[in-house]
Amino acid sequence: MSGLAGQLSRLMVSCYPRRWRRRYGEELLALLEEHQPSPRTVASLALGALGTHLDPAYRREGITMPGPGSPLRTAAAVAASFGAVILVFGGLLALEIRHEQQTDGVLTADYSAGLAVSSDTRLGVTAQSSGPGSPGFDLVWRIGAHPKLLAHFPGAAPLAFAPHGQSLLAASPGGVSEWSLANPAKPVRIATLRGPGTAVGIAYAPAHPTVAIAYSKAVQLWNLANPAAPHRIATIAAAANVSTMATCGNCGSQNQIAFSPDGRTLATTAAHHAVSLWDVSTPWAPRHLATVGRDAGPIAALAFSPAGSQLGYLTVYGKLTVFRLTEPAHPVPAAIPGSPTWLAQSGAYALSYSTGGTRLTAVVLIQNASGPRIICTWNTTNLSQPLPADCRTDHFSIPGAFTFTVDRTAIVGPDPRGYNPNGPNTRSNALSIWPPLPG
Amino acid sequence: MHQKFDDLGRFADPSLLILTSLADGPRHGYAIMTDIAAFSGVKMEPGTLYGALTRLERRGWVRPLPADDRRRPYEITGPGRAVLTEQLASMARIVTAGQRRIAPA
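For the record, the sequence lines run as chains S and G. Here the first sequence stands for residues 1 to 439, numbered as in this note's numbering. Here the second sequence stands for residues 1 to 105, numbered as in this note's numbering.
For the record, the hints were derived by calculation from the structure and aren't laboratory data. Ideal placement from N, C-alpha and C gives every residue a C-beta, glycine not left out. Treat the hints with care, as some may be off.
[Said to hold, decoys possible] Facing chain S, from chain G, some residues (calculated, C-beta under 8 Å):
no., residue
1, 5
2, 25
3, 26
4, 29
5, 51
6, 69
7, 71
8, 72
9, 75
10, 77
11, 87
12, 98
Using the sequences and the accompanying hints, generate a full structural model.
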């Protein structure tokens, strides 16, 4: 809810009798912050305020006031409240109409095609699929105890927050746009990074301002030191895994390109379901190091360990492969037994090492719309004798992309509360955070 | 129909939905609204919700719990559960009678 809508909400609540407000006012305001207002909301509050003034339990408060003017004051208070409600009704109705013009048409999308979370976990941005031929929108959400939708802007997946959390890169027609989220309620486009087609992956280097953007046939490296004037510093003629993109549209493609923690190595998905490693220690002269894992299956997500000594990647069939990167030019594969197999070519995927690098956790939501959510964790401490995965399957029939928080301690995804695929609420209204596995 | 529910006037139907929502555990206002939308398809508005909650609390059918931040959960009381049980039984009788009469002979 905007500042103006918040003020109008407070004004509407102020129309209730003072004693009622002292008891219920704050919780009603908290509810209104979460609720998507409509003219019906305003009408119900107007009727509620009027009805409460006429309620004997609250009318008594005015009638017991001494003096001959008390009944008049009560009547005046009721009339004034009703008048104020009418004024507020008009104001909020106008606000609602404007709000509908701005956002309502884009909030009917069922799927969250991509998700990025700021480093402080206070903001999340989701990409909505608006359907073939429709322009896409990215939605800015506040995460936390009182989650709510803050704003939207034209864009699509993939998405990536800058390490400082003040700006975001989002795919747009013909390239990638950089958006300032200094005021999350009013995103401002500050630059456009032109590219050869539709971006399929975006990753910030840990040492900002270098950014890697993957396209179907190339990876571009950009310098964003001056956000208003980004310049391309190199292009890697590497074919991304087009088949993966085609069959795994909601795989969370921000996971399909990644920098190592020291920023010196870049991992990209490549042709034939392979992963390529690039030395980007001199970003203007990237050098191919190795290509591994050919034909393992369409790659859904990849992740470096915090120390950069391992690279894990997950196929859409649930096969996990881990490479030791003692020498990045010569990755050594480690067989991971007990990897669960799920027959999915469409779903939402996320993969991350734990903070200490001892565990690797994958989140998979099969089929997006109504399949189960699977969370598996592998112990990667001893790759010579790896243990089977510890998996949990939830009935979690809600569509949407997932990702891990930057500190690797939690998963962020669509909030199931209030979601009902067969009812009036066919999309999630918020993002929620939960630990990878209990305990 | 239960006489006590009739006394709630235009808040009778919302009160039934709220008591049903709270029957399986405490919820705060927004959670009650989303739960009702999920199990009944009824989109209850905040003014209606708090109009009904005020009356339910006054009758002792729900009780407020300590606030969680600014959100205050409510739980159904023993008398509230008894009234809900009676009201649902009354509605079940109506449903049975209606279905029997509407069925093709």
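We went through each hint and held it up to the structure:
no. : hint : in the structure
1   : 5    : violated, 18 Å
2   : 25   : violated, 13 Å
3   : 26   : violated, 13 Å
4   : 29   : holds, 4 Å
5   : 51   : holds, 5 Å
6   : 69   : holds, 6 Å
7   : 71   : holds, 5 Å
8   : 72   : holds, 4 Å
9   : 75   : violated, 15 Å
10  : 77   : violated, 18 Å
11  : 87   : violated, 22 Å
12  : 98   : violated, 24 Å
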